[in-house]
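K.L.:
Residues per chain are reported as follows:
Protein chains: 2
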Amino acid sequence: MGQGMVRNLMKAGYRVNVYNRTKSKADALIEDGAVWMPTIQDISKNSDVIITIVGYPKDVEQVYLEDGIVAHAKQGSTLIDMTTSSPKLAERIYEEAKANGLSSLDAPVSGGDVGAQNGKLSIMVGGDKNVFETVRPIFEAMGQNIVYQGQAGSGQHTKLSNQIAIAGTMLGVCEAIAYAAKAGLDPDQVLKSIAAGAAGSFSLSNLAPRMLKGDFAPGFYVKHFIKDMRIALESAEELGLLTPGLALAKKRYEELAEQGGENFGTQALYKLYL
Amino acid sequence: MGQGMVRNLMKAGYRVNVYNRTKSKADALIEDGAVWMPTIQDISKNSDVIITIVGYPKDVEQVYLEDGIVAHAKQGSTLIDMTTSSPKLAERIYEEAKANGLSSLDAPVSGGDVGAQNGKLSIMVGGDKNVFETVRPIFEAMGQNIVYQGQAGSGQHTKLSNQIAIAGTMLGVCEAIAYAAKAGLDPDQVLKSIAAGAAGSFSLSNLAPRMLKGDFAPGFYVKHFIKDMRIALESAEELGLLTPGLALAKKRYEELAEQGGENFGTQALYKLYL
Numbered sequence: 456m457g458q459g460m461v462r463n464l465m466k467a468g469y470r471v472n473v474y475n476r477t478k479s480k481a482d483a484l485i486e487d488g489a490v491w492m493p494t495i496q497d498i499s500k501n502s503d504v505i506i507t508i509v510g511y512p513k514d515v516e517q518v519y520l521e522d523g524i525v526a527h528a529k530q531g532s533t534l535i536d537m538t539t540s541s542p543k544l545a546e547r548i549y550e551e552a553k554a555n556g557l558s559s560l561d562a563p564v565s566g567g568d569v570g571a572q573n574g575k576l577s578i579m580v581g582g583d584k585n586v587f588e589t590v591r592p593i594f595e596a597m598g599q600n601i602v603y604q605g606q607a608g609s610g611q612h613t614k615l616s617n618q619i620a621i622a623g624t625m626l627g628v629c630e631a632i633a634y635a636a637k638a639g640l641d642p643d644q645v646l647k648s649i650a651a652g653a654a655g656s657f658s659l660s661n662l663a664p665r666m667l668k669g670d671f672a673p674g675f676y677v678k679h680f681i682k683d684m685r686i687a688l689e690s691a692e693e694l695g696l697l698t699p700g701l702a703l704a705k706k707r708y709e710e711l712a713e714q715g716g717e718n719f720g721t722q723a724l725y726k727l728y729l
Numbered sequence: 456m457g458q459g460m461v462r463n464l465m466k467a468g469y470r471v472n473v474y475n476r477t478k479s480k481a482d483a484l485i486e487d488g489a490v491w492m493p494t495i496q497d498i499s500k501n502s503d504v505i506i507t508i509v510g511y512p513k514d515v516e517q518v519y520l521e522d523g524i525v526a527h528a529k530q531g532s533t534l535i536d537m538t539t540s541s542p543k544l545a546e547r548i549y550e551e552a553k554a555n556g557l558s559s560l561d562a563p564v565s566g567g568d569v570g571a572q573n574g575k576l577s578i579m580v581g582g583d584k585n586v587f588e589t590v591r592p593i594f595e596a597m598g599q600n601i602v603y604q605g606q607a608g609s610g611q612h613t614k615l616s617n618q619i620a621i622a623g624t625m626l627g628v629c630e631a632i633a634y635a636a637k638a639g640l641d642p643d644q645v646l647k648s649i650a651a652g653a654a655g656s657f658s659l660s661n662l663a664p665r666m667l668k669g670d671f672a673p674g675f676y677v678k679h680f681i682k683d684m685r686i687a688l689e690s691a692e693e694l695g696l697l698t699p700g701l702a703l704a705k706k707r708y709e710e711l712a713e714q715g716g717e718n719f720g721t722q723a724l725y726k727l728y729l
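So the protein lines, in turn, are chains A and H. Per the working numbering, the first sequence starts with residue 456, numbered consecutively. Per the working numbering, the second sequence starts with residue 456, numbered consecutively.
Just chain A, same shape as in the assembly:
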């Protein structure tokens, strides 16, 4: 996703430094004018706004807190983590950044590769509102539905709410389509009856047709969705909230991953019902 986001920032006129563990992945961007920085420390020292989108919370923790961005960024810099990650970690980075004279926002996204490429990401932002307003043009270069959600961690909480809604919906969509197929109906015809009404959802309209074609390519990886659901479930437990639908969806996706499905798209949950 980072590639599309960098490209949209350059298109909007920003000078962009780039760093990635695997330099070759940045080659095309460098050819187009992005400036390669060989280490996290270098990119931290030489940038006014530092934007990250990495894999797991442990990666976020590493690049920010282990001799990383927070230690090396210039006074007054703004740090923006767009990874889907732990709200608690976002709060911790916010505090440590503040102690070092830096600003920090958590700003996870939805909309996937396609949204990143065409600048149509939905961006959910937590942190200080004045900082959000200052860097808003940067978000506007990458996204369309940009909503300030509150104090540090609120962007992550919003994204987790998003993933919790998807988790339950995917159970419903897979079971509805599997039921239709098992009952001997033509599931494409069933979609004509049900997709536009009270059962309708983004997943039913966009992912069910892929399930029915046997197209399980990602899209959004099963392994990343499991990561998100794990963070959401931990966070819900910390808040004292029981989420049995989320727990079930996570368990089912883990079954799928154990059967070798972790690199499929999330619509591959349907395979458990075949």
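There could be a bad hint or two in this list.
It does not matter which identical chain is used: a pair holds within one copy or between any two.
Pairs of lysine-lysine residues, derived as DSBU-like cross-links and limited to a Cα-Cα distance of at most 30 Å, are as follows [said to hold, decoys possible]:
{"no.": "1", "residue 1": "Lys706", "residue 2": "Lys682"}
{"no.": "2", "residue 1": "Lys500", "residue 2": "Lys637"}
{"no.": "3", "residue 1": "Lys466", "residue 2": "Lys478"}
{"no.": "4", "residue 1": "Lys466", "residue 2": "Lys647"}
{"no.": "5", "residue 1": "Lys500", "residue 2": "Lys726"}
{"no.": "6", "residue 1": "Lys682", "residue 2": "Lys705"}
{"no.": "7", "residue 1": "Lys513", "residue 2": "Lys705"}
{"no.": "8", "residue 1": "Lys553", "residue 2": "Lys637"}
{"no.": "9", "residue 1": "Lys668", "residue 2": "Lys543"}
{"no.": "10", "residue 1": "Lys553", "residue 2": "Lys682"}
{"no.": "11", "residue 1": "Lys553", "residue 2": "Lys705"}
{"no.": "12", "residue 1": "Lys647", "residue 2": "Lys726"}
{"no.": "13", "residue 1": "Lys706", "residue 2": "Lys678"}
{"no.": "14", "residue 1": "Lys637", "residue 2": "Lys575"}
{"no.": "15", "residue 1": "Lys705", "residue 2": "Lys637"}
{"no.": "16", "residue 1": "Lys513", "residue 2": "Lys480"}
{"no.": "17", "residue 1": "Lys726", "residue 2": "Lys543"}
{"no.": "18", "residue 1": "Lys637", "residue 2": "Lys678"}
If you are wondering where the hints come from, they were derived from the structure by calculation, not from laboratory data.
Starting from the known structure of chain A, fit chain H onto it as the hints suggest.
P.N.:
Showing chain H alone in chain A's frame:
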């Protein structure tokens, strides 16, 4: 729902006989020109097309098979059950109707009271295709999205697929909104971030705002949704399909009913998370 449907049939020019256990509920229709029939036997003998929408499969069985419509309808009549009911029962009525020289369709609907009133029901039809084509104008008087789904029982199977999709989606929507509230976010603001993207659904857009206002009025009754999920789960089991998401949703709604929530709308599932 029957009232809105009868009114739309009369508006389309059909002469409509009506029967209901509680005559007073039909009074307004009778004033507007519907003809009251005092018994099921009377309405069966005196109508060319007999349309039913009742409560539970046992009610369907009673009005059709226990000295009811199948025994008393005129040769050549068409029977249309629009109740959400058991696919197996629809097949049985189809067979018994056929043996008596009658035609039968199962044609459950979605769209609720409002859809019934404004003639915008989605109608899912099972039975013989030529019979469907013959009575299609009758469906067109009541609905907008009218889809023939296949042999007897297919309309019911399609409606159950619809309810299965809703069941999972409602788990996701309730847990997502409960999580947002518990995390201290403004859930209405969260909806701005998530309702239009990959987490989007009819339920998230239409029912989550009611949950947040504490508006638990039906809409679609909890007790009726439990009935539908029970039929769906039994039917899935008969087909050898495991539907753990549906099973969980049914269990949660039964908890809600045990707590006195059976006459609320389905959005009241949210109360379990408060």
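K.L.:
What hint numbers does the structure not satisfy?
P.N.:
2, 5 and 11
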